[in-house]
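Protein chains in written order, with the working numbering: chain A, 1 to 247; chain B, 1 to 80.
Derived by calculation from the structure, the hints in this document are not laboratory data. Each residue gets a CB set at the ideal place from its N, CA and C atoms; glycine is no exception. Honestly, I wouldn't trust all of these hints.
[To be verified] Taking lysine-lysine pairs in the PhoX-like style, the calculated list, with each CA pair at most 20 angstroms apart, reads:
no., chain 1, residue 1, chain 2, residue 2
1, A, K117, A, K237
2, A, K227, B, K22
3, A, K117, B, K11
4, B, K22, B, K11
5, A, K25, A, K10
6, A, K10, B, K26
7, A, K25, A, K56
8, A, K237, B, K22
9, A, K189, A, K204
10, A, K101, B, K11
11, A, K227, B, K8
12, A, K227, B, K42
13, B, K8, A, K117
[What the hints assert, rightly or not] Now the stretches of chain A that chain B is said to cover, found in silico as 3 or more residues with beta-carbon under 8 angstroms:
no., segment
14, 33-47
15, 58-68
16, 157-163
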Amino acid sequence: MPITHDGLKKELQYIAKPFELNHIKSLFNDSDPLMHEMAHNLIIGNQHEVDRLTRKALDSGFSANTILDDGLISGMAIVGIKFRDNFIFVPEVLVAARAMKAGMAHIEPILSASGVKPIGTIIMGTVKGDLHDIGKNLCIMMLRGSGFTVHDLGVDTTSDTFIEAVSEHKADILGMSALLTTTMPNMGKTIDAFEEIGLRYEVKIMVGGAPLTQEFADDMGADGYGKDAISCVELAKTFVGIQQLNE
Amino acid sequence: MRQEVDRKSYKASIERLHDIFKDMSKSVEKVSSWRCPYKNAKDRCTANFGCRNQDRSVSPDDLYVCNDNDQLDYRSAWET
Chain A
1 MPITHDGLKK ELQYIAKPFE LNHIKSLFND SDPLMHEMAH NLIIGNQHEV
51 DRLTRKALDS GFSANTILDD GLISGMAIVG IKFRDNFIFV PEVLVAARAM
101 KAGMAHIEPI LSASGVKPIG TIIMGTVKGD LHDIGKNLCI MMLRGSGFTV
151 HDLGVDTTSD TFIEAVSEHK ADILGMSALL TTTMPNMGKT IDAFEEIGLR
201 YEVKIMVGGA PLTQEFADDM GADGYGKDAI SCVELAKTFV GIQQLNE
Chain B
1 MRQEVDRKSY KASIERLHDI FKDMSKSVEK VSSWRCPYKN AKDRCTANFG
51 CRNQDRSVSP DDLYVCNDND QLDYRSAWET
């Protein structure tokens with residue numbers, strides 16, 4: 001059905017490349033107006049509306065596959081284009097991701113009931129003394145999008161909090177972020193804390209953040225280092241045996 | 001009627017989402033070289049920490065204005 005939703009039509013104006021515009025239009029021309037409304041609300045980051053519309057769609061008999069493809073992912077595709085072309089920036093991307101999470105909260109039980117389990121459980125946090133979270137939040141967005149369950153501990157996270165969360169959620173992976181050279185050592189202290197209580201080899205530990213290097217990660221005993229968000233996802237997948245690095 | 005997911009279709013969807021995120025990751029790297037990632041499209045600051053580029057003369061419910069000119073290293077302005 002051609003797009004009639006005014007908000008979504010306005011979003012298409014941001015797509016300058018004709019082949020991209022035609023592709024996006026073709027996605028929406030085959031989908032229901034409810035999906036157009038859902039995609040628009042995801043793009044503008046209205047998580048409450050995405051939540052409501054996802055519930056409405058499921059109650060109306062739309063399949064989880066259709067909602068995921070035509071409402072959520074199609075909306076995220078436009079977010080990606082707007083971000084690439086500098087119409088929006090990282091904060092808007094994260095707000096859209098939060099809206100997607102609101103929709104996925106209704107899809108995940110259906111996935112689980114169909115035997116599609118999360119590919120792993122990850123605890124993520126910025127270390128003690130550090131309040132920077134943008135990189136961590138981008139990693140979390142992409143990890144969830146890849147099928148991981150992620151528990152976000154936020155910023156200024158102590159070693160004890162990391163340990164409690166890993167134990168409580170039986171996490172496969174712990175991801176720590178630091179943006180300051182002064183807080184980077186707290187990553188090593190957290191790894192030491194895991195060793196002291198005998199939990200070090202129960203969990204894979206990955207680290208990331210602008211001042212970090214592979215060498216630093218190796219020196220402090222981390223299992224891996226992600227230089228950017230997509231590397232973080234690929235590393236996490238290798239930890240749970242999904243893929244080999246450099247494939 | 002219990003909903004079921006078409007697993008093959010779901011796998012294709014996740015791969016599509018992964019491609020979108022992979023492109024976003026490249027965009028992040030590119031834009032972060034000149035623009036603070038906490039600065040939104042309305043030039044407001046979304047950081048939960050202080051920064052010398054913040055103009056805090058806004059109403060209590062508003063985000064601070066970001067005065068960075070996107071020309072210099074923004075990280076040096078972050079308060080640590």
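Okay, the hints, checked on the actual structure:
| no. | hint | result |
| --- | --- | --- |
| 1 | K117/A <-> K237/A | holds (14 angstroms) |
| 2 | K227/A <-> K22/B | holds (13 angstroms) |
| 3 | K117/A <-> K11/B | holds (12 angstroms) |
| 4 | K22/B <-> K11/B | holds (16 angstroms) |
| 5 | K25/A <-> K10/A | holds (12 angstroms) |
| 6 | K10/A <-> K26/B | violated (25 angstroms) |
| 7 | K25/A <-> K56/A | violated (24 angstroms) |
| 8 | K237/A <-> K22/B | holds (14 angstroms) |
| 9 | K189/A <-> K204/A | holds (15 angstroms) |
| 10 | K101/A <-> K11/B | holds (18 angstroms) |
| 11 | K227/A <-> K8/B | violated (31 angstroms) |
| 12 | K227/A <-> K42/B | violated (28 angstroms) |
| 13 | K8/B <-> K117/A | holds (14 angstroms) |
| 14 | 33-47 | violated (count 0) |
| 15 | 58-68 | holds (count 5) |
| 16 | 157-163 | violated (count 0) |
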